[in-house]
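So the sequence lines, in the order shown, correspond to chains F and R.
For the first sequence, the positions run 82 to 297 when my numbering is used.
For the second sequence, the positions run -17 to 214 when my numbering is used.
Watch out, some of these pointers could steer you wrong.
[To be verified] Here are the computed lysine-lysine pairs in the DSS-like style, where the Cα-Cα straight-line distance is at most 30 Å:
#	chain 1	residue 1	chain 2	residue 2
1	F	Lys296	F	Lys90
2	R	Lys111	R	Lys45
3	F	Lys296	F	Lys281
4	R	Lys45	F	Lys281
5	R	Lys111	F	Lys296
6	F	Lys281	F	Lys90
[Stated by the list, open to error] Which chain F residues face chain R? A few, computed with CB under 7 Å, are given here:
#	residue
7	Val141
8	Gly229
9	Gly237
10	Glu276
11	Ile278
12	Thr285
13	Thr287
14	Val290
15	Ile297
By construction, these hints were calculated from the structure, which means they are not laboratory data.
Note that beta-carbon positions come from the ideal geometry of N, C-alpha and C, so glycine has one too.
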Amino acid sequence: MGFSAVNSKVIAAPVEPGREVLARRGAMLAYTGAVTFSPVHLGSGGIGGFAGRMVSGEQVPMMVAQGQGTVYYGYRGLYVTIIELDGSGPLSVEADRLLAHDAALQSTVVFLGQQGGIRGAVRGAVSGQGLFTTQLHGYGSAAVVSHGGTIAVPVGPAGPVSVDPQAYVAHVGHVDVDISASVSWRDAVGRGSGEAIQLKCTGTGTVYVQASEQKI
Amino acid sequence: MLAEPADDQQGDREREIGSCARIADMQSFRLESPRMLAVDISGDTIRAATGSMVAYTGQVQFKHAGMGGGDGLLAGLKRRATGESLSMMACSGTGTVWFAKDAMDVIIIELAGDTLKAESEQLLALSDKLTTDVAFAGLRGMSSGQGLFTTSVTGYGTVALLSAGGPPIALEVTPQYPLVVDKDAYIASRGQLNQTVVTDVSWRNLIGESSGEAFSLRFDGHGVVYIQPEER
């Protein structure tokens, strides 16, 4: 049994021995049972992952919940989306959007330049996400925060899904995210549509899009 | 008298707002979530607030709709003259587009030849055959700071409006029951309505003991007024 939604902004996470939950520090709202919380210094990626986090700034202090009980998580009144990973593909998300995840999920920091070369780096810079992103692999639940909730848009062979860079939240599966610009002379004279730069998602998987263009 | 739409926790549960507005299932506008509008475009053109697209599939082009939100030169000049600005983009092609703005709730209203008056900044999207114009809104603008003019939408089609702070509320106005709303909570109105400003300025305001509701909008006649839970 994974995370469950209490309402659109609070989730309940069951904790038992052998099933710890990692969450953003300060996100715990309440808990029942015998649960202890301790800070996590080394990310689950080990020394390498830790060093990566230090360098990349893709670091948000996390805490681990251990014991037996149920923990309720929420963060700043933001909407929470629960994403179940079935091992078919990784979840890619910004570290500051990650509210909680099963400790069984492997977390790594990925340099965007590795995915799409220089274009990947440009994408990170343009969309304001930085040059690094967090990936979670394996089986388990993850909870992601957003402004106004998310919708899940399937990405498949039918064609690419284009997403506003500010509204992009996360993606699951084997999805390539590339930046595409359709800047015209209209943008230069202030007559643009406001949609000049988009993220083009191709492959197979799901893209999560929030109902706002605000960052966390 | 009062019909409140579904709570946002219910996901995309269908909401009914009075009998005048409902989800347009035969039209191409639908609510993907309470705060996200999805529109299927197949060769036609819709207009949406500039920058409100969050995602799309298929072949869709986005273009600035031109001065005055795409209603021609005269409307554009009127907008420039009145300061009731409207920045819209035209979306054309084939595919599905999702629109959202600042996590505000979305309400879909269908028009069958009648006129809807709305705040221009609360307009999210308009279907093909609707025209917008600038309408004189009475002396309300003096108080609300939104100009003396308001945007009117006329024709046959679907309008998507934004509601800040939560789901909107539709309030019915009849000759027996005139309605007074806060100017900052007002979104839109439709029907045969007469709009006046109610002031409650007295000596209390001068000594800082005001009720905080010095200016309100009063509606008389027959129609529906939409308000939002948050004050601008």
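Going down the list of hints, with the structure as the test:
1. F:Lys296 / F:Lys90: Given that 30 Å is the threshold and the Cα spacing comes to 17 Å, the pair holds.
2. R:Lys111 / R:Lys45: Holds, at about 18 Å.
3. F:Lys296 / F:Lys281: 19 Å, holds
4. R:Lys45 / F:Lys281: 18 Å, holds
5. R:Lys111 / F:Lys296: Given pair Lys111 (chain R), Lys296 (chain F) is violated - Cα atoms ~35 Å apart, limit 30 Å.
6. F:Lys281 / F:Lys90: Cα-Cα ~29 Å, so holds.
7. Val141: 22 Å, violated
8. Gly229: Cβ of Gly229 (chain F) sits 3 Å from chain R, so the hint holds.
9. Gly237: 10 Å, violated
10. Glu276: The hint holds - Glu276 (chain F) has a Cβ within 7 Å of chain R, the shortest such distance being about 4 Å.
11. Ile278: 11 Å, violated
12. Thr285: Not OK, violated: Thr285 (chain F) not within 7 Å of chain R, min 14 Å.
13. Thr287: Because about 12 Å separates Thr287 (chain F) from the closest Cβ in chain R, which is outside the 7 Å limit, the hint is violated.
14. Val290: Holds. Min distance 5 Å.
15. Ile297: With a minimum Cβ separation of about 12 Å from chain R (threshold 7 Å), the hint on Ile297 (chain F) is violated.
Hints 5, 7, 9, 11, 12, 13, 15, counting from the list given before, are not met by this structure.
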